[in-house]
Structures are given as structure tokens and as C-alpha cells.
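Chemist: Below are the chains, spelled out letter by letter.
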Amino acid sequence: AQSVTQLDSQVPVFEEAPVELRCNYSSSVSVYLFWYVQYPNQGLQLLLKYLSGSTLVKGINGFEAEFNKSQTSFHLRKPSVHISDTAEYFCAVRSNFGNEKLTFGTGTRLTIIP
Amino acid sequence: EAGVAQSPRYKIIEKRQSVAFWCNPISGHATLYWYQQILGQGPKLLIQFQNNGVVDDSQLPKDRFSAERLKGVDSTLKIQPAKLEDSAVYLCASSFRGLVDTQYFGPGTRLTVL
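Chains as they are written, first to last, in the working numbering: chain A, 5 to 118; chain B, 1044 to 1157.
Derived by calculation from the structure, the hints in this document are not laboratory data. For every residue, glycine included, the Cβ atom is placed at its ideal position computed from N, Cα and C. Do not take every clue at face value.
Claimed, not checked - Distance condition first, Cα-Cα at most 16 Å in a straight line; then the derived EDC-like pairs of lysine to aspartate or glutamate:
1) Lys105/A with Asp1144/B
2) Lys105/A with Glu1057/B
3) Lys1087/B with Asp1100/B
4) Lys105/A with Asp1100/B
5) Lys1121/B with Glu1057/B
6) Lys1087/B with Glu104/A
7) Lys1105/B with Asp1117/B
8) Lys53/A with Asp1144/B
What the hints assert, rightly or not - So the derived label-pair ranges between C-beta atoms look like this:
9) Lys1121/B with Gly66/A: 33 to 43 Å
10) Ser34/A with Gln1060/B: 23 to 33 Å
11) Asn65/A with Ala1045/B: 16 to 26 Å
12) Ser88/A with Gln1060/B: 37 to 47 Å
13) Asn1094/B with Glu20/A: 44 to 54 Å
14) Lys1121/B with Ser7/A: 24 to 34 Å
15) Pro1104/B with Val15/A: 26 to 36 Å
16) Thr110/A with Arg1052/B: 32 to 42 Å
17) Ala1045/B with Pro22/A: 16 to 26 Å
18) Leu55/A with Asn1094/B: 40 to 50 Å
19) Gln1060/B with Ser74/A: 46 to 56 Å
20) Asn1094/B with Asn100/A: 15 to 25 Å
21) Lys73/A with Ala1073/B: 23 to 33 Å
Bound-form chain B, shown alone:
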């Protein structure tokens, strides 16, 4: 069974530029999550999708971050414009149904904002 795929693995941009990350969850998983993991901290949930609907985006900085999950499969997370404090690893995870199900994580995208 293929795991959660993410791309790119690394990205370096300058502040005020835009960037997008892509995630392909495990086939058949209805729930998809995007987390932000700042160095030295645990992952923080940015947004949770159930199929193609948003369940929780309370911690997503909506003035600069956006995410979509078209057709309830792949998802993209965008930052526009990026700030220095957005430097982090962005993790995508998926689960079969909801939050008590095991979440399977992708390898993450390491973003550096200069």
C-alpha cells in the first residue's frame, strides 16, 4: 500500500514570495490533514478536510494561507505572501475516517523563507 506522498521535499523562497505544496493521501482515506511543524515544536494542525469539505481550519492564518482538496483526493496548501516565521516543515496526513483513526503522515516539505 502506497503511503502519503508530498512534494516538493524542500523549498527555499524569499519573503513575500508565494509557494504551494502538494499532497496525495492514501487511497480510500476520507480525511486529510495539513500540519505545520516549527523547529523544536510538535506538529500544529492547520486544516482538516473530510472528503472535499473543510472540518476545521481554526488555526489556519487565512490572510496568507489557503488550502483546497478538489474531488476529495489530492490537496494543495498555498502560502501567499510568505513571511520569515513560516519557515517550518509542512506535514500532510490522512486517515480512513476521523480523528480516532490512525493518521498516516507523509515525509513533509521543509520550507525555508529567507
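Pulled out of the complex, with its shape left as it was, chain A reads as follows:
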């Protein structure tokens, strides 16, 4: 079985400050990892994904994430946030064995303070 934990339900950050949204996963096999963003009243949009290769993954809107197998983490970072980054961010995991479904975390609401 696989699971995802997003420890921070809400993260307030001042505009132009850096941010890190934490994601830890659990799986008995190797995994694929994803970060999705959900803007108010919109569907989810893929920010970035890790399938294999380099552990540092760059995504859209200046976000990046680093896969750390030993710590089973996939934290999302941005060096300088903008008001437009206000949204809900979801980490998701899927094992690379068989036809496992995508399992989402409970989300982190990022609020940018002007």
C-alpha cells in the first residue's frame, strides 16, 4: 500500500519570500511522485513530476522539487513567491509496479501575504 503525508495544512508566506511545502510518502516499492496545484474554483493542474533520473525536478511557474529516497520525501520549493501562487497544493504518489492508482495527500493551502 502507498500513502502520502502533507504535514502542513496551511502555509502563510510573505510575497517575494521563499517557500517549501513538505511531502512525505510511504511505499514498499519504487514510486513516481507528482505535485499538483488547484487554484480557486478550478481543477488540478500538474506542476511537476518525478519518474526517474535526476532527483531535482523543475516544473512550471518557477517551482522545483527534490526526490529524497532515503528520507522518502518530495518537498516543493520556490525561491520567491507571488500573489498569484495562492492556491492549494497536492502531493501525489503512485508505485511503479502494476496498475496502482494515484494517491493524493490532503493538500497544503499556500497563502501569500502582500
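Put chain B on the given structure of chain A with help from the hints.
Modeler: Okay, now just chain B, sitting in the frame of chain A:
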């Protein structure tokens, strides 16, 4: 390229009534997913179609939920009869092939059961 379309966007019904949601995926996408997103939680997969066949419906409450994807394109999700705990946003997503492909989400249908 048109995105994933869903209708209606909002629906309010009373418990024990029935309701249906419609989804039109991105043209050419073979895989279609229905998710349930309860307030404060991440999306949970209800059912996955590959063309017009069901790949995974292990988390679909089959006593009241049903879904079909005729001709491998549009899909409908039905709830009959609805319960209070079915209040949620129902998200439809599609991908070109399978689960490692990027999933593109529709705006969702917000269901309120009174």
C-alpha cells in the same frame, strides 16, 4: 486544445434523490478518471476507464454509484440514491495513455446533498 469539460458545475439535491455528472475528456485521450474530493481532503479515485473498459473501480461504492464510458469518449457518473456524505466535488480527468502520463483535470462538479 480544448480541456476536459464537465457539467453541471454545481448541483444541489436532497438525500435519496439521484444525480448524474457528465465529462468530455481531451480529444484522443484513452484514459478517463473520476475522482471524489471531499472538503479538506485530496482527490480519491473512484473509477478509471481505458477506452471504454473499466481498469479500476475498487473504490467506487457500487451499491449507489455507477459510471459508464460509451464509445470510449464521454463518460457519465451517477449516484442513486444520494446520501449526505456524498457532498463533494467530483473531478473528471483524462490522460493520453496511463497513470504516468500527465492527468488533465476538469473544473469539477460541486455536489451538495441536503
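Chemist: Run every hint past the structure and note whether it holds.
Modeler: Now for the hints, and whether the structure bears them out:
no.	hint	verdict
1	Lys105/A with Asp1144/B	holds, 12 Å
2	Lys105/A with Glu1057/B	violated, 31 Å
3	Lys1087/B with Asp1100/B	holds, 11 Å
4	Lys105/A with Asp1100/B	holds, 10 Å
5	Lys1121/B with Glu1057/B	holds, 15 Å
6	Lys1087/B with Glu104/A	holds, 13 Å
7	Lys1105/B with Asp1117/B	violated, 20 Å
8	Lys53/A with Asp1144/B	holds, 10 Å
9	Lys1121/B with Gly66/A: 33 to 43 Å	holds, 41 Å
10	Ser34/A with Gln1060/B: 23 to 33 Å	violated, 45 Å
11	Asn65/A with Ala1045/B: 16 to 26 Å	holds, 22 Å
12	Ser88/A with Gln1060/B: 37 to 47 Å	holds, 39 Å
13	Asn1094/B with Glu20/A: 44 to 54 Å	holds, 47 Å
14	Lys1121/B with Ser7/A: 24 to 34 Å	holds, 30 Å
15	Pro1104/B with Val15/A: 26 to 36 Å	holds, 33 Å
16	Thr110/A with Arg1052/B: 32 to 42 Å	violated, 24 Å
17	Ala1045/B with Pro22/A: 16 to 26 Å	violated, 36 Å
18	Leu55/A with Asn1094/B: 40 to 50 Å	violated, 24 Å
19	Gln1060/B with Ser74/A: 46 to 56 Å	holds, 51 Å
20	Asn1094/B with Asn100/A: 15 to 25 Å	holds, 23 Å
21	Lys73/A with Ala1073/B: 23 to 33 Å	holds, 31 Å
Violated hints, in rising order: 2, 7, 10, 16, 17 and 18; the structure is consistent with all others.
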